Amino acid sequence: MNRLFPVLVTTAVFLIGFVVCSLQFPNFASTRVVADLLTDNAFLGIVATGMTFVIISGGIDLSVGAVIGFTTVFLALAIQQLGISPWLAFAAILIVCAAFGAAMGAVIQYFDLPPFIVTLAGMFLARGASFLMSTESIPINAPLYSELPDYAIKLPGDGQLTVIAMIMLAVFAFGIVLLHFTRFGANVYALGGSRVTAALMGVRIGRVTILIYTLSSVLAGLSGIVFSFYTSAGYSLSAVGVELDTIAAVVIGGTLLAGGYGFVFGTFVGVLIQGLIQSYINFDGTLSSWWTKIATGILLFAFIVLQQAMVGFARRRSRRAVGVTLS
Amino acid sequence: MAVTPLLETRGLTKSFAGVCVLDHVDFTLRAGEIHALLGENGAGKSTLIKLVTGVVSRDAGTVLLDGAAVDLRSADAALSAGVATVYQEVNMLPNLSVAQNLFLGRQPTRFGFVRESEMRRRATVLLNEFGLDIDVAAPLGDYSVAVQQITAIARAVDMSARVLILDEPTASLDKHEVEILFAAMRQLAGRGIGIVFVTHFLDQVYAISDRITVLRNGRLVGERETAKLPRMELVHMMLGRELSEVTVARSHHVAGMAHPPYAVFRQFGKAGTIAPFDLELRSGEVVGLAGLLGSGRTETARLVFGADRADVGTATVDGRAARLHSPRDAVQLGFGYCPEERKTDGIVAELTVRENIVLALQARRGLLKPLSRREQDEIATRFIKLLDIRPADPERPIGLLSGGNQQKALLARWLAISPRLLILDEPTRGIDVGAHAEIIRLIRQLCADGLALLVISSELEEIVTYADQVIVLRERAHVTALTSDAINVTSILAAIAADLPRAA
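Chain order of the listed sequences is U and G.
Numbered per our numbering, the first sequence spans residues 5 to 331.
Numbered per our numbering, the second sequence spans residues 188 to 691.
Accuracy of the hints is not assured; some may be wrong.
Said to hold, decoys possible - What follows is a set of in silico ranges between Cβ atoms, one per label pair, in the way DEER data are often shown:
(1) G:Arg293 <-> U:His184: 14 to 20 Å
(2) U:Ala174 <-> G:Pro192: 40 to 46 Å
(3) U:Asn145 <-> G:Asp322: 18 to 24 Å
(4) U:Leu92 <-> G:Ser244: 31 to 37 Å
(5) U:Val23 <-> G:Arg302: 35 to 41 Å
(6) G:His512 <-> U:Gln28: 55 to 61 Å
Derived from the structure by calculation, the hints contain no laboratory data.
This one's a predicted model, so the numbers in the text were calculated from it and none came from an experiment.
The beta carbon of each residue, even a glycine, is placed where N, CA and C say it ideally should be.
Chain U on its own, in the form it takes in the complex:
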């Protein structure tokens, strides 16, 4: 199964990386480190799930980082200044995000514009809107924010599976089911294969495109909610550049940037790899945290080269032998 090959490579890289870390740092191989890995990268994992759909469909969503920033500011203002219940604020922001994503999808579809440009405009719009609301960091003091860590599940050893980590795992499970076991998922792949052909085969590409970007923005909003729990604050400059980390996680996870091929599970491992590098640097203690970026860059480059090599190999490879019985 050569389609699984990139995912297998990604998984192997993660496992080898984990073993190397464990050998170097005695305390590394513990449920605590693993649980922290999940918790700390939950926001990235959630938004990367949505990005996986977008990239497989042949698009890109540059607005997700700005949507996360917007979400944190919106929540802080709604909860602190307007006194709205956090749950109501969550529901409101998810609806706003859904509308925002649907609008981007509609513009891409009906004005026939490249997703790159449309979501770039969406990025500036969302980031600008959050600055408009507040340029300060606003702390959130709602009881939910201080109580949430209490709901974590104790794991054997020292680890705690936090609510945040559970949300991410649930999102990944949801993403896997949606992409691989529904008609909508098949349509996402179809769009990535060829929009024109998909339309000729009866896929309602307008509807699918709008749904894909809606999904991406809603998950970015959910990611923003999770992000607000890390900092217990809303700040218009939060999550700057996260869209690029997200794209990196998706591509390292084996999804073809040109669209048409990829797996949600690969993205999960791609997120964990980025988290692993960060953990290594934290354990080491002497390295600059910017090494995360450098290592991510090198990995990303390696994976893109790998993908190109595979695409080229697949082209040159002789066609699969055909079992034919002439009747």
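Could you slot chain G onto chain U? The hints should help.
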């Protein structure tokens, strides 16, 4: 017999930009027959298909399905009415599995989830009917074009298509794959499905079709039963002209005596494109290439010009072994090439006539030695006068000129580099009848000036008026060379239509 035909068109007419591309065409498809739709480039085959499926709207005429007039507006609407089209370039998704391709949009589901194993089972059963036993979980792109085409056909038929239009489905298939496809077609016809089969391979037409409809220049030439139509007559229907405006007698001088050949090709060929051929081109002589579409005429020209690289054989120019690896080499040797697709491969529509004319000369001189504006004006004016390009305005964008004048400007482009050999691919295609005579006059004049010419043309009446030697091609090979008195339309037609010594 009052059997209602499955699909019928009456008086179908369509014009693009004032040019009539389809003129009152009647076409009838009966249930259970395989009906070949034939005609040269520009005969109107694809326009007819597009009008039937509603991809292009018609100007006049009616389309009847089961005797009832229908007004299809899109490929989608056509499909739901039971008319499916499968193109040479398969319109399927190579990144999805075979099963997903077959059932995209109508996958069996349970509680909203696709029942993958049920879908695979049905896909396997469906393809088995077509004699295909393959792993339906593998991506479609892993399989050959033939399998992809049969998958597309299976999808269409399974979606209850009753009329199947196959637009040049065999163009990129090898012999074995063609057999697989034909077996599937026969089986479908047996089920009562009507199949329109567009192709330019006459052998395949005789191998599979029940009936033949021939179009020429947007008009219906006739509908015949395949079994009662001799090959010779078919070719005549496709190529022949009712009235020949230009039947000018000319004396062909005897080839091979006047000069030593300028360019000689020995066993020149490229596997899969054109069988190795011998070709001698002399200064002051016109060699014509005749044959049906896809017989290897353009392939020969591209090989001679180095646009495709020959993998066997030798080329000798002016007595010296020549390297012909790229058009650049060819231009260095003094070759020029006016391609068939004037609009896409030839003219740069936005540039002026002057700029188009000096293009090749400038390219040969290199970027560091630009032609001065004065030189450009001088060259452009000279050729506009010489070739009588109208309007005689060098600053007019070439896209605004008529087809005939565009063709002359293209000729001027190559004449400006003073070539020794000029290759013309369908020089009179798509230009009005009056301009034909002028282009022919020009070809003769160039020849008299000592140029060696290699001309591809489907207009046999024209070819016989200027060619000193006519090479007939069939099935991607040079089969006959006619010289002097042997050059006439009848002998060319006979050579094109001659039955192949059947292999296997």
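How the hints compare with the structure:
In this structure, arginine 293 of chain G and histidine 184 of chain U meet the distance hint of 14 to 20 Å, their C-beta atoms being roughly 18 Å apart. The hinted window of 40 to 46 Å between alanine 174 of chain U and proline 192 of chain G is violated, with their beta carbons roughly 59 Å apart. One distance hint, 18 to 24 Å for the beta-carbon pair asparagine 145 of chain U and aspartate 322 of chain G, is violated here, with the actual separation near 60 Å. In this structure, leucine 92 of chain U and serine 244 of chain G break the distance hint of 31 to 37 Å, their C-beta atoms being roughly 53 Å apart.
Between valine 23 of chain U and arginine 302 of chain G the beta carbon distance is about 40 Å. The supplied range of 35 to 41 Å therefore holds. For histidine 512 of chain G and glutamine 28 of chain U, the hinted distance range of 55 to 61 Å is satisfied, since their beta carbons lie about 56 Å from each other.
Going down the numbered hints, you'll see the structure goes against 2, 3 and 4, while the others check out.
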